[in-house]
Each structure stands twice: as C-alpha cells, then as structure tokens.
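Peer 1: Spelled out, the chains give:
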Amino acid sequence: MHHQDSANAEQINIDLLIQKATAGDANAFGRLYDMHVDRVYRHIYYRIGNVVDTEDLTQQVFLKAWQAIRRYKKTSSPFLAWLIRISHNLVVDFYRSKKHHVNLNHDLRDEDQESNPEQLTEVRFGQARMRAAIMQLPSEQQQVILMRFIEDFPFADIASSLGKSEGAIRVILHRALKKLRGILVNVEGER
Amino acid sequence: MKKLADILIECIEEIRSGRSNIAACIDRYPAWRRKLEPLLEIAVGIQEPPDVSPSHEFKLRARANLMEHIHSTELSRKPWPFELTARAKQIAWAGRSKLAAVALAIIATVCGLGGGFAYAAQDSLPGDNLYPVKISTEEFRRVFTVGDVAEAELELTFANRRLEEIAAMTKTEPDAISMAVNGYQRNVTAGIERAEEIKNPAQSANLFESVAMVTLQHLKILDSLHDVSSENSQSSIEQAHEIAFSTHVRALRDLAMENPLRAAEINLLTIDSRLDRARATAEQNETEKAELALIQFEELIRLGEDLSQISKRLGHDTTDVDELNARATAAHMEVLGLIYGKAPEQTKEVVENAMEASAEAHGQAVEGLQEKGAIDNIPQEPPIPDDIPEEVKERILTPGSEDSGGKSGESGNGSGGSGQGSSNSGNGSSGSGNGQN
Chain A
1 MHHQDSANAE QINIDLLIQK ATAGDANAFG RLYDMHVDRV YRHIYYRIGN VVDTEDLTQQ
61 VFLKAWQAIR RYKKTSSPFL AWLIRISHNL VVDFYRSKKH HVNLNHDLRD EDQESNPEQL
121 TEVRFGQARM RAAIMQLPSE QQQVILMRFI EDFPFADIAS SLGKSEGAIR VILHRALKKL
181 RGILVNVEGE R
Chain B
192 MKKLADILIE CIEEIRSGRS NIAACIDRYP AWRRKLEPLL EIAVGIQEPP DVSPSHEFKL
252 RARANLMEHI HSTELSRKPW PFELTARAKQ IAWAGRSKLA AVALAIIATV CGLGGGFAYA
312 AQDSLPGDNL YPVKISTEEF RRVFTVGDVA EAELELTFAN RRLEEIAAMT KTEPDAISMA
372 VNGYQRNVTA GIERAEEIKN PAQSANLFES VAMVTLQHLK ILDSLHDVSS ENSQSSIEQA
432 HEIAFSTHVR ALRDLAMENP LRAAEINLLT IDSRLDRARA TAEQNETEKA ELALIQFEEL
492 IRLGEDLSQI SKRLGHDTTD VDELNARATA AHMEVLGLIY GKAPEQTKEV VENAMEASAE
552 AHGQAVEGLQ EKGAIDNIPQ EPPIPDDIPE EVKERILTPG SEDSGGKSGE SGNGSGGSGQ
612 GSSNSGNGSS GSGNGQN
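Chains as they are written, first to last, in the working numbering: chain A, 1 to 191; chain B, 192 to 628.
Keep in mind that the hints were calculated from the coordinates and are not lab data. Incorrect hints may appear among the rest.
Derived lysine-lysine pairs resembling DSS-like cross-links, with alpha carbons at most 30 Å apart [what the hints assert, rightly or not]:
{"hint": "1", "chain 1": "A", "residue 1": "K73", "chain 2": "B", "residue 2": "K250"}
{"hint": "2", "chain 1": "B", "residue 1": "K533", "chain 2": "B", "residue 2": "K563"}
{"hint": "3", "chain 1": "B", "residue 1": "K503", "chain 2": "B", "residue 2": "K390"}
{"hint": "4", "chain 1": "B", "residue 1": "K250", "chain 2": "A", "residue 2": "K20"}
{"hint": "5", "chain 1": "B", "residue 1": "K390", "chain 2": "A", "residue 2": "K179"}
{"hint": "6", "chain 1": "B", "residue 1": "K563", "chain 2": "B", "residue 2": "K503"}
{"hint": "7", "chain 1": "B", "residue 1": "K411", "chain 2": "B", "residue 2": "K250"}
{"hint": "8", "chain 1": "B", "residue 1": "K533", "chain 2": "A", "residue 2": "K178"}
{"hint": "9", "chain 1": "B", "residue 1": "K563", "chain 2": "B", "residue 2": "K480"}
{"hint": "10", "chain 1": "B", "residue 1": "K390", "chain 2": "A", "residue 2": "K64"}
{"hint": "11", "chain 1": "A", "residue 1": "K179", "chain 2": "B", "residue 2": "K480"}
{"hint": "12", "chain 1": "B", "residue 1": "K411", "chain 2": "B", "residue 2": "K325"}
{"hint": "13", "chain 1": "B", "residue 1": "K584", "chain 2": "A", "residue 2": "K73"}
{"hint": "14", "chain 1": "B", "residue 1": "K480", "chain 2": "B", "residue 2": "K411"}
{"hint": "15", "chain 1": "A", "residue 1": "K64", "chain 2": "B", "residue 2": "K563"}
{"hint": "16", "chain 1": "A", "residue 1": "K73", "chain 2": "B", "residue 2": "K563"}
{"hint": "17", "chain 1": "A", "residue 1": "K178", "chain 2": "B", "residue 2": "K390"}
{"hint": "18", "chain 1": "B", "residue 1": "K250", "chain 2": "A", "residue 2": "K179"}
{"hint": "19", "chain 1": "A", "residue 1": "K64", "chain 2": "B", "residue 2": "K539"}
{"hint": "20", "chain 1": "B", "residue 1": "K563", "chain 2": "B", "residue 2": "K411"}
{"hint": "21", "chain 1": "A", "residue 1": "K20", "chain 2": "B", "residue 2": "K563"}
{"hint": "22", "chain 1": "A", "residue 1": "K178", "chain 2": "B", "residue 2": "K250"}
{"hint": "23", "chain 1": "B", "residue 1": "K325", "chain 2": "A", "residue 2": "K179"}
{"hint": "24", "chain 1": "B", "residue 1": "K539", "chain 2": "B", "residue 2": "K503"}
{"hint": "25", "chain 1": "A", "residue 1": "K178", "chain 2": "B", "residue 2": "K584"}
If you want the footprint, here are the derived chain A segments under chain B, 3+ residues with CB under 8 Å [as the list claims (entries may be wrong)]:
{"hint": "26", "segment": "11-19"}
{"hint": "27", "segment": "29-39"}
Pairwise CB distance ranges, derived in the manner of DEER restraints [said to hold, decoys possible]:
{"hint": "28", "chain 1": "B", "residue 1": "T336", "chain 2": "A", "residue 2": "V51", "range": "29 to 35 Å"}
{"hint": "29", "chain 1": "A", "residue 1": "V51", "chain 2": "B", "residue 2": "P570", "range": "21 to 27 Å"}
{"hint": "30", "chain 1": "B", "residue 1": "A341", "chain 2": "A", "residue 2": "A156", "range": "21 to 27 Å"}
{"hint": "31", "chain 1": "A", "residue 1": "V187", "chain 2": "B", "residue 2": "E239", "range": "17 to 23 Å"}
{"hint": "32", "chain 1": "B", "residue 1": "D314", "chain 2": "A", "residue 2": "N13", "range": "40 to 46 Å"}
{"hint": "33", "chain 1": "B", "residue 1": "Q561", "chain 2": "A", "residue 2": "A68", "range": "44 to 50 Å"}
{"hint": "34", "chain 1": "B", "residue 1": "A341", "chain 2": "A", "residue 2": "Q67", "range": "32 to 38 Å"}
{"hint": "35", "chain 1": "B", "residue 1": "M258", "chain 2": "A", "residue 2": "N13", "range": "48 to 54 Å"}
{"hint": "36", "chain 1": "B", "residue 1": "T348", "chain 2": "A", "residue 2": "N50", "range": "24 to 30 Å"}
{"hint": "37", "chain 1": "B", "residue 1": "E259", "chain 2": "A", "residue 2": "K20", "range": "29 to 35 Å"}
{"hint": "38", "chain 1": "B", "residue 1": "S315", "chain 2": "A", "residue 2": "Q11", "range": "44 to 50 Å"}
Using N, Cα and C, we set each Cβ at its ideal position, and we do this for glycine too.
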C-alpha cells in the first residue's frame with residue numbers, strides 16, 4: 001500500500017515536471033534528467049557495449065527529448081517509455097549511419113566481487129550469449145524483448161510507445177522468442 | 192481456444208512474477224508442451240543485466256552540457272515581449288529559428304541575389320551550395336502559413352520535394368541522400384502532427400486521408416527507387432520506406448477514429464500494393480525484398496483487424512468493414528498461394544506467417560458478420576489453394592500453431608480454422624504522439 005502510494009506520488013511529480021518542462025522550465029527538465037538518466041544509460045549500454053558511445057548517445061537522448069518535449073503526450077505512453085523510444089531510434093541511427101557493428105563479445109560488468117568466480121564466469125558467458133542473440137533480432141523484435149524483459153514495461157506501455165496494439169506486441173514477442181531460440185540453437189551447433 | 196502466443200505470454204508473466212514456474216505452466220497446457228517449453232526456457236533465460244550505472248562524473252558533465260544547451264536556446268521559448276496582433280503572435284510563436292530563416296532569405300534578396308537566386312535554388316539538392324537557400328525559402332513559407340490544415344498540407348508538399356531529392360540522388364550521392372531522408376522524416380512527421388492538432392473532425396479526417404494516400408504513393412515510389420539505387424544508397428531508401436510506412440499506419444489509425452470504413456478501404460489498397468510487391472520480387476528471386484513486403488502485408492492485415500475493433504468501440508456498425516476485410520482476405524489467400532509456389536525455402540515461413548495472419552483476419556471478419564447475420568456468400572474459411580501442403584494448411588487454419596511439423600494431437604482441433612479467429616484486437620491505440628524527431 002505504502003509502495004503504491006509512493007509510486008503514485010512519484011508519477012504525479014513526474015507529470016508536474018513534464019508540465020513545467022513543456023512550458024520551458026529548464027530546472028524541471030533537469031530534474032527529469034536526474035530521475036531517468038540511469039535507466040536510459042543502462043538501456044543504451046546493453047545495446048552498444050562501450051562506455052564512450054553510450055555516454056555520447058545518452059546525452060543525445062536528453063537533448064532530443066528537450067527539443068521534442070512539447071510534442072510528448074503523457075496519455076500516449078509513460079515518459080520513460082518515450083525516452084527509451086528515442087534511445088532506440090538513436091541506437092538504430094548509430095549502427096546505420098556510422099556502419100558500426102554490434103559489439104557481440106562484451107560482457108556486462110558485474111562489480112560484485114564476492115561471487116564465486118567460476119559461477120560468475122558462467123553467468124557472464126550465458127548473459128553475453130543471450131545478449132548477442134538478442135542483438136541479432138530485427139529491430140522491432142529487439143525493442144519489444146528489451147522493453148519487456150530488461151526494462152520491465154507492461155504490454156500496454158510498449159504498445160502505446162510503439163504505436164501498435166497489445167495483440168500485435170504479443171505476436172512480436174512470440175516471434176522474437178522463436179527466432180531467439182533458432183539463433184541460440186545455431187550457436188550451440190557451431191560450438 | 193487460446194492462441195499459443197497468448198498462452199506463452201500468460202505463462203511468462205506468471206513465471207516472472209513468481210506465481211508459477213515452467214513445469215506448472217506446461218502441466219496446465221499439456222497439448223502445447225513441445226512448443227511451449229523451449230520458448231519459456233528462452234524467456235526465463237533473458238535476465239536483467241548486472242546493475243550498470245553511469246559514472247557520477249559523467250552524469251554531472253552531461254547535466255551541465257544539457258543545461259548549457261537549454262539556456263542557449265531558452266530565448267526561443269520565451270513569449271514575445273510586447274503586445275502583438277493575433278496573426279503576428281502566430282508568426283512570433285513560430286520561434287526564432289523561423290525568424291532566422293526569414294532573415295537568411297531576406298539577406299539573400301537584399302544582397303542583390305534576388306528572386307532569381309531563390310528560384311535557382313529550388314532545383315538544388317542536399318550538398319549543393321544553394322540547398323540552404325532552398326530550405327530557408329521553405330521556412331519562409333512556413334512563417335506565412337497559418338492554421339493547422341494549411342501547415343499540414345505544406346509539410347506534405349515539402350515531403351514530396353524531399354522524395355524528389357531522394358530520387359535524384361539514388362545513383363549518385365549516397366552520402367547526401369541521408370540528409371534528404373532526415374528532411375523527409377521531419378516533413379511527414381510534422382504533417383501528421385499538424386493534422387492531429389486539428390479540432391474539426393471533418394477537416395482532420397480529410398487530412399488523415401491525404402497523409403495516408405500520399406504515403407501510400409511514397410511507398411510505391413520508394414519500392415521503385417530501391418530497385419534501381421546503388422548499393423550505398425539502399426539503407427537510406429529502406430529508412431525512408433520505414434518512415435513512410437509507419438506514418439501511413441499512424442494516419443490510418445487516426446482516420447479510423449473519424450471514418451473507419453474509409454480507413455479500411457485505404458488499408459486494403461496498401462495491402463494490395465504490398466502483395467503486388469511481394470509477388471513481383473519473389474518472381475525475380477529478390478528474397479529480402481519479398482520478405483519485407485510480406486512482413487508489411489502481415490502488419491497491415493492485423494491493422495485491418497484493429498480498425499474493425501476501433502469501429503466497434505466507437506459504436507459504428509462494423510458490417511461494411513468486416514465484409515470488406517472478409518472478401519479481401521479470401522482474395523489475398525490466392526495471391527499468397529502463388530507467391531508460396533515461387534518462394535525459395537527460406538522465404539516460405541514468411542509467406543506462411545502472412546497466410547496465417549490472413550486466415551485469422553478472415554476468421555474475425557466472418558465472426559463479426561455472423562453476429563449480425565450478414566455472412567451472405569462469404570466462405571467461412573479462407574480458400575487456401577490446393578497446392579499448399581496439407582501440414583501447412585493445418586498450421587494456417589489453426590491459429591497459434593507455429594511450425595509445419597505441428598501435430599494434430601497438440602492442438603486437438605485439426606480443422607477448427609477460421610471460427611476460432613481470435614481477435615488480436617488489443618487496445619487499438621492510436622499510436623500517435625511519440626513525437627521525437
């Protein structure tokens with residue numbers, strides 16, 4: 001109950017900040033940046049795999065968001081989902097325009113040094129393999145998988161963020177899992 | 192009967208929330224075990240990455256950069272400091288960037304370069320010295336265009352220009368072409384956004400229809416350009432194609448809120464164009480192009496289902512929309528059968544998916560017509576061509592089954608077919624408003 005109340009209060013706070021930012025209040029937008037920068041960074045890092053480009057793209061996301069904030073409609077999708085959508089477009093442009101290749105080999109650092117090293121290596125390997133497979137999915141399937149499994153958005157928010165029905169998102173997710181399975185089976189076969 | 196996609200999602204959600212596990216889910220749906228189990232294992236294997244966080248130093252630096260950028264552009268957001276007439280206010284509201292563009296156009300004129308200079312610039316292309324003048328004259332026209340209807344129409348005119356530029360550069364200027372594609376995106380996005388801001392329903396419906404028809408034409412033009420463009424230009428053309436397609440879908444969803452039947456009619460035109468494209472490219476063994484056209488076909492078929500649901504929610508009589516969809520999906524099946532016969536092995540799955548979507552849409556439309564006793568002479572099941580293998584037919588007519596190896600024991604409804612066409616309706620959200628550049 002308490003958790004629900006604080007979540008509602010935070011949402012109201014975000015709505016107010018968006019209202020102010022839309023009216024040109026830079027400080028309000030700064031607060032929105034503070035609240036969301038970690039999630040945006042994490043999303044981009046998962047897809048890019050290096051700190052320099054992730055930092056660059058994270059900055060671009062917030063610049064774009066500021067430029068476009070008057071067109072943001074809170075009834076359409078949550079603010080974070082909107083930021084993630086901008087991040088997705090920038091990552092797609094990043095790979096497309098600069099002919100970058102997906103960095104499939106990096107592992108995502110876990111700073112927990114207390115874990116068993118062998119176990120840690122196995123977990124890292126499994127996660128890196130899964131990430132590499134996800135990065136081979138078509139852009140839309142990739143986005144749905146990341147928004148549901150990594151970002152934990154509900155289907156309704158993913159649907160509104162991508163301009164599709166929830167039914168369509170379910171179909172995309174089903175297809176994505178089938179394709180992932182195919183990719184992982186192939187990888188296993190090659191090893 | 193539930194579709195596999197729905198069962199899968201239901202199980203995933205329960206497992207993720209800790210309310211169930213893979214074994215319990217499979218016990219509940221034993222008929223789906225073979226298909227469900229591996230997909231659930233994959234889903235469970237996708238885990239959040241370790242807590243990767245930006246450095247404190249980066250966050251401060253990025254925030255400072257952001258604030259500096261905002262303050263440097265802050266003036267453009269502030270209201271005009273003295274009283275203006277209504278028209279002048281509209282012009283002022285357009286912002287400093289527009290005024291800067293006007294200034295540039297005026298400077299060009301005052302500097303003796305005159306109208307001829309601006310005129311000559313109209314044929315320039317991205318990368319040319321005169322191109323900024325062309326863009327400035329467009330800004331100039333924007334400033335003196337008042338009202339959402341006129342502004343939306345103007346943006347569509349400019350989008351056509353960008354497409355002409357793309358067409359002129361497909362073989363020669365692969366680098367500059369992306370500039371035209373970015374401009375195209377800005378113009379069509381601004382066009383649909385202006386249309387969405389119109390309060391008068393009749394006017395907005397007209398504009399949504401215009402956007403839908405214009406982008407349909409653009410899709411066809413971009414298909415042709417894709418066929419003749421140099422290898423280096425292909426990704427830019429594909430990007431422009433994606434932009435045209437998503438704007439088209441958005442316009443149809445918007446239009447459906449005012450006139451669902453017209454939205455359904457235009458959607459069928461676009462579906463036909465995607466099918467034509469798939470057939471033509473499959474005949475030439477252009478596998479990737481055929482697959483792209485079929486994927487778009489499938490998305491539009493599902494959009495057709497959504498349009499019917501939107502119509503229903505708005506309290507309209509959906510008979511006309513359902514009849515249109517039912518007749519069209521029956522016709523589509525024949526064409527898809529032809530494509531299936533010509534498609535290489537790796538493309539067949541995409542054709543099967545398109546057939547499955549078509550069969551589901553047919554089922555939903557027939558269901559709607561049956562409810563109203565208006566089924567007339569429409570076949571209950573879509574006519575799948577005889578030369579399609581039996582196991583594929585079974586898969587197509589059994590919503591949710593996913594591969595040609597599907598055994599009847601798993602679904603238990605071998606010929607159930609169209610009657611089960613569950614709606615995939617979702618919420619039919621308009622999908623507008625993700626307004627990034």
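Peer 1: Quick check: which numbered hints come out false for this structure?
Peer 2: Hints 2, 5, 7, 9, 13, 15, 16, 17, 18, 19, 20, 21, 22, 23, 24, 26, 28, 29, 30, 32, 34, 35, 36 and 37 not satisfied by this model.
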